[in-house]
Amino acid sequence: MRLPLTVLAAVTLLACQPTDRAVPEADVGADATAAAAEFAVADFAGTSYGEAITLTSVTPVSAILDDPAAYIGQRVLVQGMVVAVCEEKGCWMDIASDREFEKVQIKVDDGVIVFPLNARGKQALVEGVVEELQLTEEQAIAEGRRKAEEHGETFDPASVQGPQTIFRIRGAGAVIAD
Amino acid sequence: MVKWRRWNAAIHRDLGYLCVGLTLVYAVSGVAVNHRADWNPSYQVRERSARVDDLDASAPSSPEYVRAVLERLGMDAEVLGTFRPDPGSLRIFLEGTTVDVDLAAGEATVQDVRDRPGLRQVNFLHLNHPKKLWTYMADVYAVALALLALTGVFVLRGRNGITGRGAWLTAAGVIIPAAFLLLYF
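So the sequence lines, in the order shown, correspond to chains A and B. Counting in our numbering, the first sequence runs from 1 upward without gaps. Counting in our numbering, the second sequence runs from 1 upward without gaps.
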């Protein structure tokens, strides 16, 4: 009995190891916008989530936000500081743009990838497909209320005026700096 | 017949021992995540507010301003980075802590996030966050649980076995979830 239990424990421990890349860590500690501008894919290390990163060229978040329609359905690689994470299920995170006051949401299927809450403030490299969400006014109000409740904030339904179009990235894989 | 019973009891006994650890992991985590609407099962999230209104906020992203805010809050941890969600606010990231500054109101909200010791780890396994080999390990555990249930039915014979008291209890164990299905599904 001792041997099978040892094997079981070893398999369990192996399965729990985060996947690290043996390359230097990305620069952190800077303003989110500046850090995004100076980024290089080859210099990135961290814990992997979901599928492996396959793209090598980073698309600036600002480029996607400037003309999101041109990127719909395209697989892109974005990089930036994690500035918010879903507190309930870890099913989305916001990545800062390379331009001030901007960010893009990375959405993943519940439970398929779970972003840790302590990722906030760390650099991330994310690969995924740009998608468009059309929300009716009612859906936009419901979404706003849900997000406000999740963050313990108050929500004013009057802040939503008419239907909304949201552009976000359906995340396939990510690496978050340790 | 006796030999079959002996094997059944042995399998039930040994699988029972093997499954103790993971069953406790799943049981504890199951209760924890079942009440996710009421609490965060993996992290302790604490918030507090403080005034930072007498600081010069003309350059909120500057290291000087960030340092002044942190000094005011009594914090000296390394700054991971900063972010401006909009022209009226600044977000400062420290390890495990996020500080949101409302520049106009001169108010800072400090959110500390800490792992719930033990719970984050059991939830990590239960919710299959590791993926990879753990997915197959969890499959093996599920099959073991099914075997544990099936062999358990035939461990005892007689009045307390599946032809007596066991039949009633087994039926109850099927009827209860079925009733909830009829009620809610």
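Rather than coming from a laboratory, the hints here were simulated on the basis of the structure. Hints should not be assumed to be uniformly reliable.
Claimed, not checked - FRET-style restraints, in silico, Cβ to Cβ: (1) ALA146/B x LYS147/A: 35 to 43 Å; (2) SER62/A x ALA178/B: 51 to 59 Å; (3) GLY161/B x ALA148/A: 51 to 59 Å; (4) ILE72/A x SER58/B: 17 to 25 Å; (5) ILE72/A x VAL174/B: 17 to 25 Å; (6) PHE155/A x GLU64/B: 29 to 37 Å; (7) GLU87/A x ALA50/B: 28 to 36 Å; (8) ALA9/B x ASP109/A: 26 to 34 Å; (9) GLU71/B x SER159/A: 30 to 38 Å; (10) GLU153/A x PRO87/B: 14 to 22 Å; (11) ARG116/B x ILE72/A: 16 to 24 Å; (12) VAL153/B x ILE72/A: 38 to 46 Å.
Claimed, not checked - With a straight-line Cα cutoff of 27 Å, these simulated DSS-like cross-link-like pairs (lysine-lysine) come out: (13) LYS107/A x LYS3/B; (14) LYS131/B x LYS107/A; (15) LYS89/A x LYS3/B.
Since we're looking at a predicted model, the values are computed, not measured. Beta carbons: idealized from backbone N, C-alpha and C, even for Gly.
Hint by hint, here is what the structure shows:
1. ALA146/B x LYS147/A: 35 to 43 Å: Once the Cβ atoms are compared, 40 Å apart, the range 35 to 43 Å for LYS147/A and ALA146/B holds.
2. SER62/A x ALA178/B: 51 to 59 Å: holds (55 Å)
3. GLY161/B x ALA148/A: 51 to 59 Å: Because 56 Å falls inside the window, the suggested range holds.
4. ILE72/A x SER58/B: 17 to 25 Å: Roughly 40 Å apart at Cβ, these two residues miss the hinted range, so it is violated.
5. ILE72/A x VAL174/B: 17 to 25 Å: The hinted range 17 to 25 Å is violated for ILE72/A and VAL174/B, with Cβ atoms some 49 Å apart.
6. PHE155/A x GLU64/B: 29 to 37 Å: 34 Å Cβ-Cβ, so the 29 to 37 Å window holds.
7. GLU87/A x ALA50/B: 28 to 36 Å: violated (21 Å)
8. ALA9/B x ASP109/A: 26 to 34 Å: violated (43 Å)
9. GLU71/B x SER159/A: 30 to 38 Å: holds (34 Å)
10. GLU153/A x PRO87/B: 14 to 22 Å: Since the Cβ atoms of GLU153/A and PRO87/B sit about 19 Å apart, the hinted range of 14 to 22 Å holds.
11. ARG116/B x ILE72/A: 16 to 24 Å: violated (39 Å)
12. VAL153/B x ILE72/A: 38 to 46 Å: Given range 38 to 46 Å: violated, Cβ gap about 55 Å.
13. LYS107/A x LYS3/B: violated (55 Å)
14. LYS131/B x LYS107/A: With Cα atoms ~18 Å apart, LYS131/B and LYS107/A stay inside 27 Å; holds.
15. LYS89/A x LYS3/B: violated (49 Å)
Violation of the numbered hints given earlier is confined to hints 4, 5, 7, 8, 11, 12, 13, 15; the remaining hints are satisfied by the structure.
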